[in-house]
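Trainee: Each chain, written out:
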Amino acid sequence: MHGARIPIWFFIGLLLTIYGAMIFAHGCYEAITGDYAAGVQLTRLHAPIWWGGTLLLLGLVYLAKFRPGKSNERR
Amino acid sequence: MIGWSGHLASTLPTRLALEATPLAHLRPLDIAVIAIYFAMVLWIGFYLKGQSNTGEEFFLAGREMTAWIAGLSFVSANLGSLELMGWAGSAYQYGILATNWYWIGAIPAMIFLGSVMMPFYYVSKTHSVPGYLDLRYGGEARSVAAIAFATEMILMSGVNMFAMAVVMKVVLGWNINFSIIVSSVAVALYVGLGGLRSAIFNEVLQFVLIWGGALLVPILGLYQAGGWGGLKTRIVTNLHTDSYFHLWRDTGSFAANPMGVHWTGIVFGLGFVISFGYWTTDFLVVQRVLAAHDLRAARMAPIIGSFFKMATPFIVIMPGLLGLVLLQNPDGSRRVLVGEDVTAACTLNSAGQVIDPASCSTAMGRTNLSPEQRAKVLAGGPSAELHTYNQALPLMMVRYLGPGLLGLGITALIAGFMSGMAGNVSAFSTVWAYDIYKPLIYKNGSDSHYVLVGRLSIVIGVIVSIGAAYLVQQFHGIMDYVQALFSIFVAPLLAAILFGMFWKRATRWAGFLGLFLGILFSAGLFLWVKLDPSRLAVVALSPDAKPMAENVFRALWAFCFAAIVIVVVSLFTKPKPVAELDGLVYGATQLPTEEWVPLYKREWFWAVVVGVIFVALNILVW
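First to last, the sequence lines map onto chains A and B.
Per my numbering, numbering through the first sequence is continuous, rising by one, with the last residue being 75.
Per my numbering, numbering through the second sequence is continuous, rising by one, with the last residue being 1622.
In case anyone wonders, no lab produced these hints; they're calculated from the structure.
Certain hints may be false.
[What the hints assert, rightly or not] Heads up, simulated DSS-like pairs for lysine-lysine below, C-alpha to C-alpha not over 30 Å straight-line:
1. Lys1438(B) / Lys1125(B)
2. Lys1601(B) / Lys65(A)
3. Lys1504(B) / Lys1530(B)
4. Lys1574(B) / Lys65(A)
5. Lys1546(B) / Lys1601(B)
6. Lys1049(B) / Lys1574(B)
[As the list claims (entries may be wrong)] Label pairs and their computed distance ranges (CB to CB):
7. Thr1233(B) / Leu60(A): 37 to 47 Å
8. Val1621(B) / Ala64(A): 35 to 45 Å
9. Glu1595(B) / Tyr36(A): 56 to 66 Å
10. Asp1532(B) / Leu63(A): 52 to 62 Å
11. Asn1368(B) / Arg67(A): 22 to 32 Å
12. Ala31(A) / Arg1535(B): 53 to 63 Å
13. Asp1331(B) / Leu60(A): 44 to 54 Å
14. Pro1028(B) / Leu60(A): 47 to 57 Å
15. Leu63(A) / His1240(B): 46 to 56 Å
16. Tyr36(A) / Ser1448(B): 24 to 34 Å
17. Leu1620(B) / Arg67(A): 39 to 49 Å
18. Ile1355(B) / Ala64(A): 35 to 45 Å
19. Ser1333(B) / Tyr36(A): 17 to 27 Å
C-beta: ideal position from N, C-alpha, C; glycine also.
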């Protein structure tokens, strides 16, 4: 029964991957077009690119490691 | 109490009619981020429904969580809206002193729970903390604890709802009622479907979201402030004191620190009574550890949680400190945040004018607002809006997070709020079904009957807590209110549990009377000061004491009172035979031997590591 379950870490990996991809892509768009949201500070640091990229990478690692049918971590 | 309720009812329509100017407008990307979170939460709830059919599955997540999941859930159950907003606001008011609630107010108790207490909870196979009291003392103590706990959970759930509604109102301009209804429906659905397992899954999810969504704020804030040194210089320059950066140095007298507390209150009231009461006897957090798959995992879970608890001030306390000097008004001047009482006194009418200028002026006189800013508020206008301490964190988020990232930050807050509510209602449903309904109302139901009762109690609990959400608005700060609850319910409970677990002589009537009279004593102290605030000086032992000090000292006195009752009554009543205390009391229990594991897998090794880091951090910011 346990073997058929999706581990929580897979859900987390999925969410991080989706969020990371969305934020990273928007960060790239901002950097290319220069269209930054009004009032936001420190836009020159391009936080969405490196923060979104980090979330994306982390999410992909979790997806690969805990995908259903592969991991020993079931709970 | 009648007058207080009447006042609440009379102010509620005015408060609900408030239309704050939103701090930010969500873009489609932000809305997509929030929508994906809700979809994920509901998916998890429906997915786990098939795994929550029996009582053990629904109420204890099948007792099959790993140490990491139980540990993250354990610490995450406490990382709700109150933590994020309340303590960022407290850091704005009191500085780094607020970190005491994360360090001495949590770490020693977590280590104690994992190292010493967990075996008794786990070996006794109890389903709840009131259940342990039932086994140790009898039905009277269980009923008192269960009713008190269920009441506390409903009020806490209401606090979470209110905090979420405030964020949505401040940041997005959403209607308070809309936020409360959306969050409560989602929580009722996913906890009602998946039970504790669903709550735990979402707490782990929330933990990741909070770090992913909130960590960027202190990083960017520190960068802009010029690092830790730059932040200190700015605060000293603007506020003319370095008290905000000392954890212990200024606690030798009540008047020397912005919180108005004394180190004795922090060490004994917070570090012992409130902290141990919450982290070792509050079923909301203990329930997460009881879901661990074996005793070693149950012991390791609080230790794992303590590492993350120690790191949390970076994403909660730091934004509050940074907000002291980085938040700005639209005209570029430093923004000064105020208490809820000030914003209430300065309520605007539909034309943007202060309704009662005299009350507003008096309320602002108690703040650090500049004369120019006060004049702007009284005159009304777009740059005159006041913001409260509890809005420090969302204000910082809006300052640094652009599209997508803001959505993630808001989602982290929503997740925190909903997870907090979910924790409250899942613990409530367990206690209601097993400790109130089963022993007092319907004893002979089937397992599936109690699961059904549990599911229904979640829905009813959510509905009742919606009403409680509006009560919170009457208090100066969210955390002050919560600390009051802790000291009323948890301090006497701690006395009953500790004496029950470590003193074989403690008797049935001692446990019941200690708990019952302790709660009455604590509630009496609370009301005594409420009716005449000048009595705070008596409870907290100083005329310079502030409300936070009162909470800490009230907890201490309530614990001492309950302890005295337990000892005295025990000496005059007949104890249980030692044979009946097996698995319940230290010295009467043969703990199971655990298999050999390497050093790095042993809980005591990591307890020592976390203890060393804890001491080092306290010295670092002494």
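Trainee: With reference to the structure, classify each hint as holding or not holding.
Mentor: We went through each hint and held it up to the structure:
1. Restraint check for Lys1438(B) and Lys1125(B): satisfied, since their Cα atoms lie roughly 17 Å apart, inside the 30 Å limit.
2. Using a Cα cut-off of 30 Å, the hinted pair Lys1601(B) and Lys65(A) holds, with the two alpha carbons roughly 22 Å apart.
3. For a cut-off of 30 Å, the pair hint linking Lys1504(B) to Lys1530(B) is broken: about 38 Å separates their Cα positions.
4. A C-alpha spacing of about 58 Å is found between Lys1574(B) and Lys65(A), which places the hinted pair above 30 Å, so the restraint is violated.
5. Annotation: proposed proximity of Lys1546(B) to Lys1601(B) is violated, straight-line Cα distance about 44 Å (limit 30 Å).
6. A threshold of 30 Å between alpha carbons decides the hint, and for Lys1049(B) with Lys1574(B) the separation of about 47 Å lies outside it, so the pair is violated.
7. For Thr1233(B) and Leu60(A), the Cβ-Cβ distance of about 41 Å falls inside the hinted range of 37 to 47 Å, so the restraint holds.
8. In this structure, Val1621(B) and Ala64(A) meet the distance hint of 35 to 45 Å, their C-beta atoms being roughly 40 Å apart.
9. Between Glu1595(B) and Tyr36(A) the beta carbon distance is about 57 Å. The supplied range of 56 to 66 Å therefore holds.
10. Judged by the Cβ atoms, the range 52 to 62 Å given for Asp1532(B) and Leu63(A) holds: they are separated by roughly 60 Å.
11. For the hinted restraint 22 to 32 Å between Asn1368(B) and Arg67(A), the CB-CB distance of approximately 54 Å leaves it violated.
12. In this structure, Ala31(A) and Arg1535(B) meet the distance hint of 53 to 63 Å, their C-beta atoms being roughly 60 Å apart.
13. Remark: the range hint 44 to 54 Å for Asp1331(B) to Leu60(A) is upheld by a beta-carbon distance near 45 Å.
14. For the pair Pro1028(B) and Leu60(A), the beta carbons lie near 25 Å from each other, so the given range of 47 to 57 Å is not met.
15. Checking the proposed 46 to 56 Å range against Leu63(A) and His1240(B) shows it holds: the Cβ atoms sit about 52 Å from each other.
16. One distance hint, 24 to 34 Å for the beta-carbon pair Tyr36(A) and Ser1448(B), is violated here, with the actual separation near 56 Å.
17. A hinted range of 39 to 49 Å for the beta carbons of Leu1620(B) and Arg67(A) is consistent with their spacing of about 42 Å.
18. Checked against the given bound of 35 to 45 Å, the beta carbons of Ile1355(B) and Ala64(A), roughly 59 Å apart, lie outside it.
19. The supplied range of 17 to 27 Å is met by Ser1333(B) and Tyr36(A), whose beta-carbon atoms lie about 24 Å from each other.
In terms of the numbered hints stated before, the structure departs from hints 3, 4, 5, 6, 11, 14, 16, 18, listed from lowest to highest.
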